[in-house]
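K.L.:
If you read the sequences in order, they're chains A and B. Going by numbering that gives the first Met the number 0, the first residue of the first sequence is number 0, and it counts up by one from there. Going by numbering that gives the first Met the number 0, the first residue of the second sequence is number 0, and it counts up by one from there.
Everything labelled a hint here was simulated from the structure, so no lab data went into it. Among the clues, some could well be false.
Calculated pairs, DSSO-like style, for lysine-lysine (alpha carbon to alpha carbon, straight line, at most 27 angstroms) [said to hold, decoys possible]:
(1) K203(B) - K69(B)
(2) K45(B) - K69(B)
(3) K195(A) - K71(A)
(4) K18(B) - K22(A)
(5) K30(A) - K79(B)
(6) K129(B) - K30(A)
(7) K115(B) - K29(A)
(8) K88(A) - K30(A)
(9) K117(A) - K88(A)
(10) K102(A) - K117(A)
(11) K129(B) - K177(B)
(12) K131(B) - K210(B)
(13) K131(B) - K177(B)
(14) K69(B) - K115(B)
(15) K115(B) - K79(B)
(16) K210(B) - K45(B)
(17) K185(A) - K316(A)
(18) K79(B) - K22(A)
(19) K29(A) - K316(A)
(20) K115(B) - K131(B)
(21) K30(A) - K18(B)
(22) K45(B) - K18(B)
(23) K30(A) - K177(B)
(24) K123(B) - K203(B)
(25) K45(B) - K29(A)
(26) K185(A) - K195(A)
(27) K177(B) - K203(B)
(28) K115(B) - K129(B)
(29) K316(A) - K69(B)
(30) K177(B) - K316(A)
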Amino acid sequence: MAKTVHKGHSATTAKVSLLDRIKMALSLHKKNSVSTLLDILRQPANSLMTILVLAIALALPSAFYVFSQNAKAVSGSWNGGVQMALFLKDNTTEQATQELMQKLNLRPEFDQVTLVSKQQALEEFKSSSGFGDALEYLDDNPLPAMLVLTPSSEVATPSQAQVLVDELQQERIVDVAQMDMQWVQKYHAMLDMAQKIGSFVSILLAMAVLLIVGNTIRLAILNRREEIQVIKLVGATDGFIRRPFLYTGFWYGLIAALLAALMVNIVIAVLRGSASTLAELYSSGFSLMGLAPSHTLSLLAFGAGLGLIGAWISVNKHLRDIQPN
Amino acid sequence: MIEFHQVFKRYEGGHEALKGVSFALANGEMAFLTGHSGAGKSTLLKLIALMERPTRGQVILDGQNISQVKDRHIPYHRRKIGMIFQDHRLLFDRSVYDNVALPLVIAGVSDRDIPKRVRAALDKVGLLNKEKQLPIQLSGGEQQRVGIARAVVNKPPLLLADEPTGNLDPELSAEIMKLFEQFQQVGVSVLIASHDLGLIARMKHPVLTLKDGRTIRNELAEAEFDG
Ligand SMILES: Nc1ncnc2c1ncn2[C@@H]1O[C@H](COP(=O)(O)OP(=O)(O)O)[C@@H](O)[C@H]1O
Ligand SMILES: [Mg+2]
């Protein structure tokens, strides 16, 4: 079959150079991204509700994250105050006691090892309990000698401390090894559980974001059903049609994440005053941390990413159904 | 340009819209496709544009069996065909200029080249002074000419028109047909579905007549190797 006269002209579209193609692709991206952003900003009434819902869904996990970071910092600053007590067996010799003290002093896990002898324990008890006179009537001093250990910063978590306590319990002359740390452990356990619940809720909220963006994009696609049919007829690829919807999802996610970061920081600013009063009462150097810049960036990336993915899922699901007729 | 070899099309639901149609439209030829409503004219055009796939038989476009065109290559296939519809299928929220520019934007023509090609197409259909208007501000005949400008702006070798004058009075219809003849004269192949027998008779072009999905009269060439 001979070529038509016209074929020569039509080939011009096919013979665009690679550089020109890249330039065109970039310029299309620019146009799409700008025009979809303007569409959202120009009709805030349409998108405001959606974006607010998205922002709340993103703000909740972020706020939770900030508070759990703060809670960890609190328990960290309290860990240092924890001490261990080794109650020694009654028949322990002076020499055995000294040996154990030396051994413990050499270990990097302990900053300080103090001996409280039977006599000292008794004095202390007398002066602090008010039962001093009653003890006069006992022949024997019933209080055991004890070693008080102050862990160094190497012992960072309650579980590490617990391991140490368990180990010291095995010492021959140690009757009972104790840690006055039960509450820290409980605190950590609660923190652990709260974090698990928080992660679970965060996953649910992330899925909610996907669904909300997906549904918004679905409506946008259905709204433009006829337009999509027409541009498919004049030779648009799925990629060409998909792109503006993907950008719309991206912007929704990004704007919502910006709002979410703002919300979280406002809440923290409001709480900061009362938190510092509380910290003073406990003479703790703790101060409430906000969203760090790196976390704000992650939040923005996360929001934009979720928006993009939600739009992608929706577009793939619904564009195929729209065919020209 | 186009060859149909014993083409059948059965729609979902069982209706057989084409029952063994064969013909050949030569390069640069202009022809009419006619028949009563429901004869299968639109179906035949849709098969060429791959809006539908044949149940049996072969459709050859420019030497290529188009059943081999994969779904994801359909957009590139359609860029070789300018399509015109009775209802124009314009984007009503965009200007005449933007409507005509659409195929160029889609094909990735550079921003530098788009304006002069859009204006050349609008000039050919006599609408150069209306480029800023919205389609809704134009008459039916003008809207159809915008549709034609959009169909030819990418200089496709083939134009398909489905009842392009269906809603127009005889005078405007004749103008539109003259426009198609002008494109044929510069080498474009043109296939026009129409049931306006009077108009078709006045123009000296071969006619393919369908009835209930069968060819009852073929003034075009038979497809080669085919009875
Ligand atoms: N998508 C479809 N599904 C089922 N039947 C269809 C479809 N499109 C057309 N038909 C049927 O196929 C036959 C031919 O239709 P069509 O090609 O539109 O005819 P024409 O354009 O000549 O009026 C008609 O009987 C019509 O009802
Ligand atoms: Mg029809």
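K.L.:
If a hint holds in the structure, say so; if it does not, say that too.
P.N.:
Taking the hints in turn, this is what the structure says about them:
Between the alpha carbons of K203(B) and K69(B) the distance comes to roughly 37 angstroms, so the proposed pair goes past 27 angstroms and is violated. Using a Cα cut-off of 27 angstroms, the hinted pair K45(B) and K69(B) holds, with the two alpha carbons roughly 16 angstroms apart. In summary, the hint linking K195(A) to K71(A) is supported, as the alpha carbons are separated by about 14 angstroms, within the 27 angstroms threshold. Of the pairs offered as hints, the one joining K18(B) and K22(A) is violated, with about 48 angstroms between alpha carbons and a cut-off of 27 angstroms exceeded.
At roughly 26 angstroms between alpha-carbon atoms, K30(A) and K79(B) fall within 27 angstroms of each other, so this suggested pair holds. The suggested pairing of K129(B) with K30(A) holds, with an alpha-carbon distance near 25 angstroms, which does not exceed 27 angstroms. The suggested pairing of K115(B) with K29(A) holds, with an alpha-carbon distance near 22 angstroms, which does not exceed 27 angstroms. Simply put, K88(A) and K30(A) have alpha-carbon atoms about 82 angstroms apart, too far for the 27 angstroms limit, and the pair is violated.
Restraint check: the Cα-Cα separation between K117(A) and K88(A) comes to about 11 angstroms, which is no more than 27 angstroms; the hinted pair holds. At roughly 21 angstroms between alpha-carbon atoms, K102(A) and K117(A) fall within 27 angstroms of each other, so this suggested pair holds. At most 27 angstroms may separate the alpha-carbon atoms for a hinted pair to count; K129(B) and K177(B) meet this at roughly 21 angstroms. Using a Cα cut-off of 27 angstroms, the hinted pair K131(B) and K210(B) is violated, with the two alpha carbons roughly 43 angstroms apart.
At roughly 25 angstroms between alpha-carbon atoms, K131(B) and K177(B) fall within 27 angstroms of each other, so this suggested pair holds. Distance check on the hinted pair: K69(B) and K115(B) sit about 33 angstroms apart at the alpha-carbon level, beyond 27 angstroms; violated. Taking the CA atoms of K115(B) and K79(B), the gap is about 20 angstroms. The hint holds against a cut of 27 angstroms. At roughly 17 angstroms between alpha-carbon atoms, K210(B) and K45(B) fall within 27 angstroms of each other, so this suggested pair holds.
A hinted pair counts as satisfied when its Cα atoms are at most 27 angstroms apart, and K185(A) with K316(A) does not qualify at roughly 48 angstroms. Restraint check: the Cα-Cα separation between K79(B) and K22(A) comes to about 23 angstroms, which is no more than 27 angstroms; the hinted pair holds. At roughly 25 angstroms between alpha-carbon atoms, K29(A) and K316(A) fall within 27 angstroms of each other, so this suggested pair holds. Between the alpha carbons of K115(B) and K131(B) the distance comes to roughly 15 angstroms, so the proposed pair stays at or under 27 angstroms and holds.
Between the alpha carbons of K30(A) and K18(B) the distance comes to roughly 47 angstroms, so the proposed pair goes past 27 angstroms and is violated. Between K45(B) and K18(B), the direct Cα distance comes to roughly 15 angstroms. Compliance with the 27 angstroms bound is thereby established for this hinted pair. The suggested pairing of K30(A) with K177(B) is violated, with an alpha-carbon distance near 38 angstroms, which exceeds 27 angstroms. For the hint linking K123(B) to K203(B), the alpha-carbon distance of about 22 angstroms falls within 27 angstroms, and the restraint holds.
Of the pairs offered as hints, the one joining K45(B) and K29(A) is violated, with about 34 angstroms between alpha carbons and a cut-off of 27 angstroms exceeded. For the given pair, K185(A) sits about 15 angstroms from K195(A) by alpha-carbon distance, which is consistent with the 27 angstroms threshold. Only pairs whose Cα atoms come within 27 angstroms are accepted, and K177(B) paired with K203(B) is accepted, the gap being roughly 12 angstroms. The suggested pairing of K115(B) with K129(B) holds, with an alpha-carbon distance near 15 angstroms, which does not exceed 27 angstroms.
Among the hinted pairs, K316(A) with K69(B) is consistent with the structure: their alpha-carbon atoms are about 20 angstroms apart, no more than 27 angstroms. In summary, the hint linking K177(B) to K316(A) is not supported, as the alpha carbons are separated by about 44 angstroms, beyond the 27 angstroms threshold.
Hint compliance for this structure: hints 1, 4, 8, 12, 14, 17, 21, 23, 25 and 30 are not met, and every other hint is.
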